[in-house]
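K.L.:
Line by line, the protein sequences are chains X and G. Using the numbering used here, the first residue of the first sequence is number 1, and each one after it goes up by one. Using the numbering used here, the first residue of the second sequence is number 1, and each one after it goes up by one.
Honestly, I wouldn't trust all of these hints.
Computed beta-carbon distance windows for the label pairs [claimed, not checked]:
(1) G:Arg112 with X:Ala48: 42 to 50 Å
(2) X:Pro158 with G:Asn45: 36 to 44 Å
(3) G:Thr121 with X:Arg132: 46 to 54 Å
(4) X:Lys107 with G:Gly56: 32 to 40 Å
(5) G:Ala101 with X:Lys107: 33 to 41 Å
If you want the ones that stay clear, here's a sample from chain G, every Cβ over 12 Å from chain X, calculated [claimed, not checked]:
(6) Leu44
(7) Ala65
(8) Gly130
(9) Leu132
The hints are simulated quantities; they were obtained by calculation from the structure and are not laboratory data. Heads up, the beta-carbon is just placed ideally off N, CA and C, and yes, glycines get one too.
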Amino acid sequence: MKLRNLSTVAIAAAFALFAFAPTAAHAQFAAPPLAASTVPAADLIQPADLNKLLSGPAAARPLILQVGSKLMFDQAHIPGSEYIGAGSQPDGLNALTTRVKTLAKNKFIALYCGCCPWGRCPNVGNAYKALRDQGFTNVKVVYMANNFGADWVTPGYPVAH
Amino acid sequence: MLTRRLRQSVALLAVALGAVYAQAAPPASLLVNHKAPGVVSHDLNGKPLNLAALRGKVVLLNFWATWCAPCQLEMPAFERWQKQYAAQGLAVAGISMDDDAGAVRKTITKLRVSYPIAMGTAALGRSYGGVLGLPETFLIDRAGVIRAQFQGETDLNKIEAAIKSLLESH
Chain X
1 MKLRNLSTVA
11 IAAAFALFAF
21 APTAAHAQFA
31 APPLAASTVP
41 AADLIQPADL
51 NKLLSGPAAA
61 RPLILQVGSK
71 LMFDQAHIPG
81 SEYIGAGSQP
91 DGLNALTTRV
101 KTLAKNKFIA
111 LYCGCCPWGR
121 CPNVGNAYKA
131 LRDQGFTNVK
141 VVYMANNFGA
151 DWVTPGYPVA
161 H
Chain G
1 MLTRRLRQSV
11 ALLAVALGAV
21 YAQAAPPASL
31 LVNHKAPGVV
41 SHDLNGKPLN
51 LAALRGKVVL
61 LNFWATWCAP
71 CQLEMPAFER
81 WQKQYAAQGL
91 AVAGISMDDD
101 AGAVRKTITK
111 LRVSYPIAMG
121 TAALGRSYGG
131 VLGLPETFLI
141 DRAGVIRAQF
151 QGETDLNKIE
161 AAIKSLLESH
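Use the sequences and the hints to build the structure in full.
P.N.:
Written as structure tokens, this is what we have:
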């Protein structure tokens, strides 16, 4: 029985390590980034659904924050979105905290990155957790399966430069 | 009845696999078989990096970043190929899409990358069709024409086969 419990714990630990460490190639980060898969499915928003909101009434639109690369943001971004900084970096998380400091905790916020395939994104997991930890209750993360180019630009959704 | 259910299950599985495949397939590139946009910069050691000066060589041009995990899995192979195929005319160049050169220097030291790395710009990214997901690698033939584009995490054997094919074709 004890052996069985031990095996269960070992399997759970191995699963947790896998889930929270998207890859070993993250030595440049102060702490291992949280995998995008740690964002609950209920808090994901598909690009098509966000696009519908963009063309809807202004009151229903979220505050859209890009938590990835500045260079990518400068090339193309979602109209009306704001560049914050990489969610995997302390500076990016500090900038995120500063940006939302005065907002109501029920403010509708949509985070996106799109630097890498979803399972490899080092930014959105940390940024989502930071907002949730600060008490924000209406945070969605835009699900970019491949990257911003393939999942937002190529389908023809609006882009600002 | 059982056969019918089995057929339905197989059909459903085929549709599901098709959907997964379609999602993974990169969009068709408009740059392939066109002249490679110019790259005129300096690498992190201050040496000029000019794509035009590499005419006559097959060039592997790789866009990457320090925060891109799949990029760093590829780079040791690029380093190896640069040495392995140098005599046949391969040149490797990297463009970092990072915002901070300091992190880039640390990463290339850690990965022992010796091929030239320059910092990218939004304008350069846009000239290559918008580098809006990494890694992104272009293979350019000896005449300066893009012959292959690899977006996202790619089977390294596939890239190496394309390099060999270009090296042997002229």
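K.L.:
Do Arg112 (chain G) and Ala48 (chain X) keep their Cβ atoms within the hinted range of 42 to 50 Å?
P.N.:
43 Å, holds
K.L.:
For the pair Lys107 (chain X) and Gly56 (chain G), does the Cβ-Cβ distance stay inside 32 to 40 Å?
P.N.:
Violated, since Lys107 (chain X) and Gly56 (chain G) (Cβ atoms, about 57 Å apart) do not stay within the stated range.
K.L.:
With d taken as the least Cβ-Cβ distance between Leu132 (chain G) and chain X, does d exceed 12 Å?
P.N.:
3 Å, violated
K.L.:
Taking the minimum C-beta separation from Leu44 (chain G) to chain X, is that value above 12 Å?
P.N.:
15 Å, holds
K.L.:
Return holds or violated for the Cβ distance of Ala101 (chain G) and Lys107 (chain X) against the range 33 to 41 Å.
P.N.:
Taking Cβ atoms as reference, Ala101 (chain G) and Lys107 (chain X) lie about 35 Å apart, which means the hint holds.
K.L.:
Return holds or violated for the Cβ distance of Pro158 (chain X) and Asn45 (chain G) against the range 36 to 44 Å.
P.N.:
41 Å, holds
K.L.:
Should the hint that Thr121 (chain G) and Arg132 (chain X) are 46 to 54 Å apart at their CB atoms be regarded as holding?
P.N.:
Since the Cβ atoms of Thr121 (chain G) and Arg132 (chain X) sit about 35 Å apart, the hinted range of 46 to 54 Å is violated.
K.L.:
Confirm or reject: Gly130 (chain G) is not an interface residue toward chain X, with every Cβ-Cβ distance exceeding 12 Å.
P.N.:
Given that some Cβ of chain X is not farther than 12 Å from that of Gly130 (chain G), nearest at about 5 Å, it is violated.
K.L.:
The output says Ala65 (chain G) does not contact chain X. Does that hold with a beta carbon cutoff of 12 Å?
P.N.:
7 Å, violated
In summary, the numbered hints that this structure violates are 3, 4, 7, 8, 9.
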